[in-house]
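Protein chains in written order, with the working numbering: chain A, 1 to 106; chain B, 1 to 156; chain C, 1 to 255.
Please note: incorrect hints may appear among the correct ones.
Claimed, not checked - The following residues of chain C were derived to be distant from chain B, with all beta-carbon distances above 10 Å:
#	residue
1	P34
2	Q60
3	E202
To be verified - Stretches of chain B that chain A covers, calculated by requiring three or more beta carbons in the stretch to come under 8 Å of a beta carbon on chain A:
#	stretch
4	88–100
5	134–140
Hints were generated in silico from the structure; no laboratory data involved. Every residue, glycine too, gets a C-beta built ideally from N, C-alpha and C.
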Amino acid sequence: MARVLLTVPAAAKRGEIIEIRAAIAHPMETGYRRGADGQRLPRDILRSFACRLDGDLVFAAELFPAVAANPYLAFHLRATRSGTLTFTWEGDAGFAQTETARLAVA
Amino acid sequence: MPLRQRIDPHRRLALRAGGALVAMAVARPVRAEVPELKAAIAAYTGGREARPGRVSIEVARLVDNGNAVPLTVRVDSPMTAAEHVRAIAVFNERNPERDVARFALTEHAGLAVVSTRIRLATSQQLVAIATLSDGSLWSGAVDVVVTLAACIEGEN
Amino acid sequence: MRRRLGVLACAALAAAAVQAQQDARRSGFADMSPATQAMQRDDTQNPAMLFVADGEALWQRPAGPEGKACAACHGDARASMRGVAARHPAFDATLARPVTLGERIDLCRTRRQRADPLRPESADRLALEAYVALQSRGLPIAPPDDPRLAPFRARGEERYQQRLGQLDLACFQCHDDHAGKRLGGSVIPQGHATGYPIYRLEWQALGSLQRRLRNCYGGVRAALPPFDGVELVELELFLAARAAGMPVETPAVRP
Numbered sequence: 001m002a003r004v005l006l007t008v009p010a011a012a013k014r015g016e017i018i019e020i021r022a023a024i025a026h027p028m029e030t031g032y033r034r035g036a037d038g039q040r041l042p043r044d045i046l047r048s049f050a051c052r053l054d055g056d057l058v059f060a061a062e063l064f065p066a067v068a069a070n071p072y073l074a075f076h077l078r079a080t081r082s083g084t085l086t087f088t089w090e091g092d093a094g095f096a097q098t099e100t101a102r103l104a105v106a
Numbered sequence: 001m002p003l004r005q006r007i008d009p010h011r012r013l014a015l016r017a018g019g020a021l022v023a024m025a026v027a028r029p030v031r032a033e034v035p036e037l038k039a040a041i042a043a044y045t046g047g048r049e050a051r052p053g054r055v056s057i058e059v060a061r062l063v064d065n066g067n068a069v070p071l072t073v074r075v076d077s078p079m080t081a082a083e084h085v086r087a088i089a090v091f092n093e094r095n096p097e098r099d100v101a102r103f104a105l106t107e108h109a110g111l112a113v114v115s116t117r118i119r120l121a122t123s124q125q126l127v128a129i130a131t132l133s134d135g136s137l138w139s140g141a142v143d144v145v146v147t148l149a150a151c152i153e154g155e156n
Numbered sequence: 001m002r003r004r005l006g007v008l009a010c011a012a013l014a015a016a017a018v019q020a021q022q023d024a025r026r027s028g029f030a031d032m033s034p035a036t037q038a039m040q041r042d043d044t045q046n047p048a049m050l051f052v053a054d055g056e057a058l059w060q061r062p063a064g065p066e067g068k069a070c071a072a073c074h075g076d077a078r079a080s081m082r083g084v085a086a087r088h089p090a091f092d093a094t095l096a097r098p099v100t101l102g103e104r105i106d107l108c109r110t111r112r113q114r115a116d117p118l119r120p121e122s123a124d125r126l127a128l129e130a131y132v133a134l135q136s137r138g139l140p141i142a143p144p145d146d147p148r149l150a151p152f153r154a155r156g157e158e159r160y161q162q163r164l165g166q167l168d169l170a171c172f173q174c175h176d177d178h179a180g181k182r183l184g185g186s187v188i189p190q191g192h193a194t195g196y197p198i199y200r201l202e203w204q205a206l207g208s209l210q211r212r213l214r215n216c217y218g219g220v221r222a223a224l225p226p227f228d229g230v231e232l233v234e235l236e237l238f239l240a241a242r243a244a245g246m247p248v249e250t251p252a253v254r255p
């Protein structure tokens, strides 16, 4: 399990546009770097990210090697209803991780 | 990583010519999209042209380090059910691959503003293509200057 | 004429003297672009915070045959570790020499927890260093006024003035005489170690001051001194005196 940092406002007013930030620890090895022996280090990146609110897609991203290590994403959501935000990452070497956060909308 | 591999041909030529710092600034004039970048964008849009406008790319014009460059793409859109941004794709000119990231947005976003951190191998142009809910395509572009770190780590 | 940042033997005196209105010292933070500064300033953007979170978890993890976590003796790090990083390197009586914060953590592990030491620059040791040093963020760097440190600090200062490597450069030549000017495309910082462990963009990872110093040795094409060796600790000790009074920024972001 990779370390994740989620930034979600604890509470939001109905109709307020909030910013959500998600960072995950991952080297995003591009496949172009060479190791000390001169051989290419194999690609190992996160390929996709998705944020859902109670199952409904809010935001998704397709990531390529040009995304920096320890990928950071920030996006927006108009808060209309409370629910559970689910964050999923998928990538090379069978990487799959899900985190959740509660969104309270008054 | 050996230092030699990380210097691209243009910079190596500039260094050999002497007056490296000044030469680097003028040796590479700002260029329009290279054929590969155009091809990558065309493959994404299905051959359709994107109109310049509505899309702005916020990035430092001279980056501290090409390994982690903060980037924000902003698309001017009311983000309503009737009119919103469906997708944003970011392309680069001179990395080993043209794709940087692709984002999918919904009408629930409220704001078509996405931030991330990207890698830039060298000074180059970035292009962002936004697809709106009515199918129209808009684009924005920016030039970024990237230099190598002065003291590169040779080994851990 | 060489301009050098004056460093006095007594750290406390140095702090008071340099805290006068005309403090010419500047953190490397000031030499970064606004985007990188924003990355450091905002804990929700700072990539180092991922590893600080690891450190916080490690603080609670039992270790050694008695299953004692750091928290077992030290309780809440926010209270017990406040100011600790600002006071390191500090003298260790058993080893009869100064030790860095990272070494101190390992000494606790081997002496108190009776667990295996964490390797220098290992993910776990860096995470704990970052978590502990975060508890000193904002506090002035305060090298201990300990006379036993004096000969080590003096040797550290000698090393700072010593020309090294194939390029035959001494630290002061870049970081005192040419600070603020550019080497390649990069601004040369004054080299105050205020934010370690740092997330260095060049490393794409968290790393220690010793790793950064070894990069400098490599930069002038000198042999790299070993991690946790007395040579690097003495240099760290001198750098702490040189930066005395400047606020701790850990975990900093640097290019």
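8 Å C-beta criterion, at least three residues: is the stretch 88–100 of chain B covered by chain A: holds (count 6)
10 Å cut-off, C-beta based - P34 (chain C) kept clear of every residue in chain B: Not fine: 7 Å to the nearest Cβ puts P34 (chain C) too close to chain B.
Annotated coverage of the stretch 134–140 of chain B by chain A, confirmed only when three residues or more have a Cβ within 8 Å: Violated, because only 0 residues of the stretch 134–140 of chain B bring their Cβ atoms closer than 8 Å to Cβ atoms of chain A.
Non-interface claim for E202 (chain C) versus chain B (Cβ beyond 10 Å): violated, 5 Å
Least C-beta distance from Q60 (chain C) to chain B larger than 10 Å: The assertion about Q60 (chain C) holds, with a minimum of 29 Å to chain B.
The structure is inconsistent with the numbered hints 1, 3, 5, although it conforms to all the rest.
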